[in-house]
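Trainee: These are the residues of each chain, in order.
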Amino acid sequence: MEISSLSLRARAVVEGFMSGLHRSPRTGFSTEFTEYRQYSPGDDVRFLDWKVMARTDREFIKKFEDETNLRCTFMVDFSKSMEFGGDDAGVKKSDYGRTFAASLAWFLTQQRDAVGLATFDRDLREFIPPRYRQDQLKTILGRLETQPAGNATDLCQALEKLASLVGKRGMIVLVSDFLSPLDELESCLSLFTAAGHDVRAVQVLHPREVDFSFEGAAIFEDMESGQNLILDPGTAREAYQERYNAHNAALDAIFSAQGIPGFRVTTTEPLERVLQRFLEERPARAVVRQRRSNARNAA
Amino acid sequence: MSFLTPFYLLGALALAIPIILHLLHDRPKNKQEFGSLMFLDKTQPPVDRKRRPSHLLLLLLRCLALLLLAFVFARPFVKVDDPADATRRDRQWITVLLDRSASMQRGDLWEQAKAKVQTTLGQLGPGDRFSLIAFDDSTEPLAEVKSWLGSRSEAEVNLPLERLAKPGFGGSNLGQALVLAGESIEGDEPSPDDLGADEEPLARREIIVISDLQKGSRLGDVQGYEWPTGIRVTLEQIGEDDQGNAGIEQVASRVPWATAEAAPSFRISNSANGISDELEFLARTTAGETLSQTVHVPPGRSRVVELPGEWAEKSIDRLAIRGDVAEFDNQFHFAQNRQQTVRIVYIGEDKPNDAEGSLFYLASAFQQSTTLDFQVEAVSGKSSGPLPEADLYVIGDAVDDPLAQALGQAIEGGSTALMVVQSPGQAANLRQWLGVDGVVIRDIASRDYALLESLKLDHPVLAVFRDARFSDFTNLHFWKHRELQNLPDEGIDVLARFDSGPPAWLAARRGDGQLLVMTSGWTPADSQLALSTKFIPLLYSILQPVLEGKTQSRQFVVGSKVNVTRFNNGQAGGDVTVMPPGDGAVAISVDTFFTPLAPGLYTAKGSDWSETFAVNLKTAESRTEPIVMNQFKKLGLPMSGSVASPGDIAAAAAVGKTEAHRREYWQWALAAVLLFVTLETVLAAWGSRPAEPVMTA
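As they're listed, the protein sequences go chains E and C.
Numbering-wise, this note's numbering puts 109 at position 109 of the first sequence, and it's gapless, one number per residue.
Numbering-wise, this note's numbering puts 1008 at position 8 of the second sequence, and it's gapless, one number per residue.
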């Protein structure tokens, strides 16, 4: 994170990643998907697949997945808790998360995919619909460079709003620390998964949040609420880790239930590797569809 | 135990500083921001062993040293009760000035004043000196106790106090009373040698003024008085809740014979804190009838009311106002002036209606007024009859014997004569009356007119012209005049000369009387004098001693001197008795002066006459609002607090004693501080030998 400009940073990450990509046989998820559907009266006859009709004597409508290859919307947490870090123990979570989003956006733009951005803290703050345009990447990078200021995180409310804004199916990349109550998260996420979106979650954590490796008693201040707590980390660590692990387990359970691939990364991890892990992940929707078809067959 | 400077004890609060610092150190100083506290509970941070006080004894010593230091600065002392002190007491000399002026008649002021005297008596101790002086216009010592002997002395003081059942009717001269009291204390100061063996010198001298301190009280005497040192003045004010007062006085002219023809006027004044601006003006006739009218006088103002015409016709003996709170000054006794007769005898041959003669102008000059009735009588100089009695003789022609002789005797006996020299034939009379031989009268033949010069304006006759506005005689032309030759140098005052040198007006005292000579008359043939503005003032000026001797106002105030000889047309010689007002009053025999002490209508009686005169309260007594306290300070009075109670006096004396008989302990406390610091040093040195640092706080 020595490079201060986000666009430069993203380009450096992607170029490093691309150089490794040539050796890889996998081409990623730039899929062009089509499907056939039984014709029903009222459908546009222009989309009839005449060849299939000639072969099978049945009318099928040829449906295109999309105009472009992919519509990806990044949903980035802009609450203050993401500002944690930046000391000797690594970069800020927000810097890491934004660089991740920027790198992926850069990469997708290179592939002529449509990219959009949504920022949130306690509510949805900003929404740039996914487009493929010359200046879209510039706009997104510009937005990503603003400083987080939200005093609370309410992922669920932001997701509900976004669901009403994102029309066409596409990929939703959630970048957050997910360190907020998980009570309604599953139902909110299901709004997207049910609509056929390919939702992926990237949980950005600081190493100190993982191991609570503080020394000496101090006044701990909540970055969002400003609440103070005097405590001795040595005493509190065990209880912290216990609760932290329980929280993450619950989060994982939600993701797996919704068929969402979750990536838990710490800010010390090299971004290229994370990016690679992210791209190598099988499109989750297939899993969902597989499950659905299984369910149908069982029925 | 008490402290001289107790505020230094606040320094003991400094003890709290190390303890507070210690408690503050217990809290972690560093702050750690953290993304979310959702996984954290508050835990008790472990106590740092290094912060635990390890040397409690040192801490205790240091705290004690600090505490004692604050104690030293506060200067503790203990009052020591010396048994000898309890019996010994500083002698004091208390002089009480008790106001008994008329304004003290308001409400229960007099009872309050007497109670204050009793309170003061209660504060006196054995051996004290006490003086009680009552004052109004004058001062009267009521009681004097040189050495207080408790109840016996109290009875001694109470006796004259009880006799003084009510305040008087006099005015209030507080200044004079203060000066007299100050002088008597200063003059009666016993020297140390005069004191008895077991007699203590007087430690305090104090004048306590018990008065309503009304604004009408005179303070002028204090103004130029250098107040003796060591005498305090305490003002015990009573009746400070004055609710305003209205007063009435007659508006009188300065000289009684100059009274205008108009009806008498009265000034009704209302004080600034008066409660009402509608006052009732009442008059009571001698027949018992009461007349009234409403007068509007706003508070702080006064208004002059003329006696209405229909009232003036009736015989009024008392006026009153009604509508204010204080009643004591609402009555005004009224005695109407009686017309006095002034007889002037002209000796000469003039006809009364002859405008060329002297008599015509003389008779015209003296006009009748409400107070004076001039009777001008003409007598021929050649008459052989007796000389009529007169207040002024005016001689315009030569007088033959025996009239001339009688006239000479009358002048010697005290009469005033004005001789107008109009012919050389009058020289014989002049020689006779002046007692000088060889005086010759010569007519001065001059075509030019003569003027007056070298006027002797300090002579009583010409004093009326002394003011620069009236001293210009250059418009007065004399066409004809005579010269008196061979006049003696002594015994004759030349009041004015003609510009050519010879005397114009002369005055000579002959026995008890006076002879005035004019060498030019006032007839138009002689001069312009009769037609000038100087004529009437000159004649009245000549007559003034007579007018003053026989006329006087019938209105007096309480305490003033009434010259009874001036009654009955100035001829009230012999036995005069004055009958005070009231039914059972006893007549008082008076020689010359009578001083009335109460208001009312008095009657002066001679053998064959009687006249009534009215006595009223002094107008200043009606001004009952309190004096501004600042005024006393401005006058340089050494005040001991505006209103000090005798309790305060006792407290002040107690403080004085404490100063002398207290035992202070700050030196001991200082020694203890040093001891603790030394101990602390030793302990700290001993304790610092182990590696562990000493933390006291």
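It should be emphasised that the hints constitute simulated quantities derived from the structure, not laboratory data.
Take these hints with a grain of salt, some might be off.
Pair by pair, the computed Cβ-Cβ distance ranges are [as the list claims (entries may be wrong)]:
no., chain 1, residue 1, chain 2, residue 2, range
1, E, Glu242, C, Phe1007, 45 to 51 angstroms
2, E, Ala249, C, Leu1013, 53 to 59 angstroms
3, E, Ala249, C, Lys1042, 53 to 59 angstroms
4, C, Lys1042, E, Arg264, 53 to 59 angstroms
5, C, Lys1042, E, Leu165, 37 to 43 angstroms
6, E, Ala239, C, Leu1013, 41 to 47 angstroms
7, C, Lys1042, E, Arg169, 45 to 51 angstroms
8, C, Thr1681, E, Glu242, 32 to 38 angstroms
9, E, Ala195, C, Lys1042, 56 to 62 angstroms
10, E, Ser213, C, Thr1681, 54 to 60 angstroms
11, C, Leu1670, E, Ser213, 40 to 46 angstroms
12, C, Pro1006, E, Ala239, 40 to 46 angstroms
In this text, a Cβ means the ideal position worked out from N, Cα and C, and glycines have one as well.
Trainee: Run the structure past the numbered hints and jot down the numbers of the failing ones, going up.
Mentor: 1, 3, 4, 8, 9, 10, 11 and 12
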